[in-house]
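> Letter by letter, the chains look like this.
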Amino acid sequence: MKLTGAQVVCESLIREDVDVIFGLLGGAILPLYQTLPQYPQLKHILVRHEQAAAHAADGYARVTDKVGVCIATSGPGATNLVTGLANAQMDSVPMVAITGQVPRKAIGKDAFQETDVQGVTLPVTKHNYLVMDPNELARTIKEAFHIAKTGRPGPVLVDIPKDVLQEIVDYDPENVAIDLPGYKPHLTGDPTQIRAAAKLISEAKRPIILAGHGVIISRAYAELRELAEKAQIPVITTLLGISSFPEDHVLSVGMPGMHGMAYANIAIDRSDLLIAIGMRFDDRVTGRISDFAPRAKVIHIDIDPAEIDKNVKATVPLVGDVKNVLVQLNRLVTNKTHLDWVREIEQTKKEHPSHLIPENNKLLPQYVVRQIWEATKGNSIIVTGVGQHQMWAAQHFFYTKPGSFVTSGGLGTMGFEVPAAMGAKVGRPHDTVWSICGDGGFQMTLQELATIREHNIDVKFAIFNNGFHGMVRQWQEFFYKKDYVETRFFNPDFVKLAEAYDMKGFRVTERAKVRDTIEKAMAHKGPVLVDFVVESEENVYPMIPAGTSVKEMLEAPMPGRELVDHKDAST
Amino acid sequence: MTTNGTHYRKHTITALVQDKPGVLNRVASMFRRRGFNIASLAVGESEVPHLSRMTFVVNAENEDTVDQATKQLRKIIEVVKVTDLSAEDIVARELALVKVRAPDSAIRGEIIQVVELFRAKIVDVASDTLVIEITGEESKIDTILSLMKGFGILEIMRTGRVAITRGTKSALKTNAKEG
Ligand SMILES: Cc1ncc(C[n+]2csc(CCOP(=O)(O)OP(=O)(O)O)c2C)c(N)n1
Chain P
1 MKLTGAQVVC ESLIREDVDV IFGLLGGAIL PLYQTLPQYP QLKHILVRHE
51 QAAAHAADGY ARVTDKVGVC IATSGPGATN LVTGLANAQM DSVPMVAITG
101 QVPRKAIGKD AFQETDVQGV TLPVTKHNYL VMDPNELART IKEAFHIAKT
151 GRPGPVLVDI PKDVLQEIVD YDPENVAIDL PGYKPHLTGD PTQIRAAAKL
201 ISEAKRPIIL AGHGVIISRA YAELRELAEK AQIPVITTLL GISSFPEDHV
251 LSVGMPGMHG MAYANIAIDR SDLLIAIGMR FDDRVTGRIS DFAPRAKVIH
301 IDIDPAEIDK NVKATVPLVG DVKNVLVQLN RLVTNKTHLD WVREIEQTKK
351 EHPSHLIPEN NKLLPQYVVR QIWEATKGNS IIVTGVGQHQ MWAAQHFFYT
401 KPGSFVTSGG LGTMGFEVPA AMGAKVGRPH DTVWSICGDG GFQMTLQELA
451 TIREHNIDVK FAIFNNGFHG MVRQWQEFFY KKDYVETRFF NPDFVKLAEA
501 YDMKGFRVTE RAKVRDTIEK AMAHKGPVLV DFVVESEENV YPMIPAGTSV
551 KEMLEAPMPG RELVDHKDAS T
Chain G
572 MTTNGTHYRK HTITALVQDK PGVLNRVASM FRRRGFNIAS LAVGESEVPH
622 LSRMTFVVNA ENEDTVDQAT KQLRKIIEVV KVTDLSAEDI VARELALVKV
672 RAPDSAIRGE IIQVVELFRA KIVDVASDTL VIEITGEESK IDTILSLMKG
722 FGILEIMRTG RVAITRGTKS ALKTNAKEG
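These protein sequences, in sequence, are chains P and G. Heads up: the first sequence begins at 1 in our numbering, then just goes up one per residue. Heads up: the second sequence begins at 572 in our numbering, then just goes up one per residue.
Mixed in with the good hints there might be a few duds.
[Claimed, not checked] Lysine-lysine pairs mimicking BS3-like chemistry, simulated, CA-CA at most 30 Å apart:
hint, chain 1, residue 1, chain 2, residue 2
1, P, Lys109, G, Lys591
2, P, Lys184, G, Lys740
3, G, Lys740, P, Lys199
4, G, Lys642, P, Lys149
5, P, Lys377, P, Lys362
6, P, Lys310, G, Lys581
7, P, Lys184, G, Lys591
8, G, Lys591, P, Lys66
9, P, Lys297, G, Lys642
10, P, Lys504, P, Lys525
11, P, Lys2, G, Lys591
12, G, Lys591, P, Lys142
Quick caveat, the hints were computed from the structure, so don't treat them as lab data.
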């Protein structure tokens, strides 16, 4: 059939099972927008800033089995997507971004709103395209989705000149073939390595599973649990691996790393075998590499061969899709117990109770997280920004529902909390979604309250109002003698702000009112903002300063465990 | 090669890539971003239509760096095959064009002697210059160039290394790409 380029794009999106698009229009992308009304199956949500379109698509993709889609116009529209693309690239989130470009004959002439979007986004996408031939549109979009969601997922950008959207082409949906001779994700584990891994597991005395985002991406919850239970292996979940293994399970040991549970880091230190599953040994997990898990052999399971030996040498590398590899491995792993080891970890938990929250009258941010957990009975998707509140949300909510924690891990993008929560709620409308916000991060993307109100997207926002860039203030306290340079800031009246957006707003200033207000927020139908005026100089513990090891771990000060002086760390 | 006290070794890697706009940019950008040090890069058509072959010479501290570089290369969607030739039996060649000062027949004669000795070629003769074409391994080119210095080099044009395995083995068939 004869269609315009824009129609081909819409037809292709529908064939990729797209139902929601987050975007913001402009001249170059206008032919696509003017075509959207012909395709009511494609629901468009108009954001107020393109960064939010990308983060919303990201949040949406993380909680559904779909690829998130966002659209922007050329030049500034496209450059506004960059943070969102980089975020999705770092966290392996399947996304397709479509951008308008100036007409073909204007490319390279510094035309109005022309930016080399393919060049700009090259290092922050899994792949990107500039479509110069309208006959290539259908194939390109098909390839974009294929690349975004297979192998190690990631964002793919398709840049389309305005006149390519306008040109009329022959479209035959039955005859669209992808042509990617260089793209063959490695899906199953090598049988020899599987045997070697099973042997290491059977010999290990102190094995630990390190479960990462790959478990969630691969939806390998049952397989992970089978492995852990069969061989009685304690499970540590990285920041992005949180919710891949139920935290109420006896074998759950919590999060490792810079702000991980002390017992998780100690367990890694004492372990003789790390089974790393869909995780990439980020420096926030390992600290100083030479002191990381010094006694352990390493089985490294990852779909991306480039992750093997990148940061930590693997004794047995296993390249493949996590789910497939675990199925293969579980067949060979025999029933075992590690009673002494599990007991030792239990004992460490008692000696280093990182998950405890001080009992006092203060409005502690940790306490707010714990109360949201209790009020929701753990039945909520938690979305966070970046900073202290993010770490508390990771530490003090106990995740038992697969895929219920949405956070910016690799890039650490403040401002993620608002649009990603919006995207998550759009993706899972029947789930409760709480967005745990920093007062700093919230103000980076708060313009989306308008989008949220307009579409009545029922997100509950909990602003952790400490009047500081809290995490940076903590570094200043620890490493710069409390020299609080530019971390304290003025805040608007968040309740009035909510009202300005025609949203319900509450303020909580005392501990006694926390639970009640959470309940009220949940009883209200529609988006709510709660301004929790929390203790302003509370610190996140434990902390392993950057570039150091578990030996230098700082734990919450309590009698007999005073804070020691420490040097500044690199990054 | 030694820079800042670190010992580097040269490794030859070839890649078969789809002949699409921007591939070179993608590859170069990856090397730069990840801090790999490319000593030379040569690109040309391959025996397969729509596929080009790139030959990289990478300066690497150790095998791990080369391993990461090849893995990251394989991740580029338009890269079809990657072969690390470092451990292979290969023929490697570079081409250099050198313009040297040759003001009189005596000097001209001396230059021609060197050229013949090394089986290079004179490809242009002007009133007071000669252009010499040298093909060979890097070390051979380096030697001739150092000998020519004495005569006065006006200009050097030098390609990157291209390499191919000896015997029946083909870079296309080894090391199937994954990832
Ligand atoms: C976009 C962006 N800019 C800067 C930073 C550096 N940074 C990391 S945490 C942080 C402070 C976060 O403050 P806030 O959102 O109020 O959260 P809190 O730490 O107080 O919970 C900053 C500035 C970042 N991660 N992201």
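> Determine for every hint whether it applies to the structure shown.
To see whether the hints hold, each was checked on the structure:
no., hint, result
1, P/Lys109 / G/Lys591, "holds (22 Å)"
2, P/Lys184 / G/Lys740, "holds (23 Å)"
3, G/Lys740 / P/Lys199, "violated (36 Å)"
4, G/Lys642 / P/Lys149, "holds (20 Å)"
5, P/Lys377 / P/Lys362, "holds (23 Å)"
6, P/Lys310 / G/Lys581, "holds (20 Å)"
7, P/Lys184 / G/Lys591, "holds (18 Å)"
8, G/Lys591 / P/Lys66, "holds (29 Å)"
9, P/Lys297 / G/Lys642, "holds (23 Å)"
10, P/Lys504 / P/Lys525, "holds (10 Å)"
11, P/Lys2 / G/Lys591, "holds (27 Å)"
12, G/Lys591 / P/Lys142, "holds (18 Å)"
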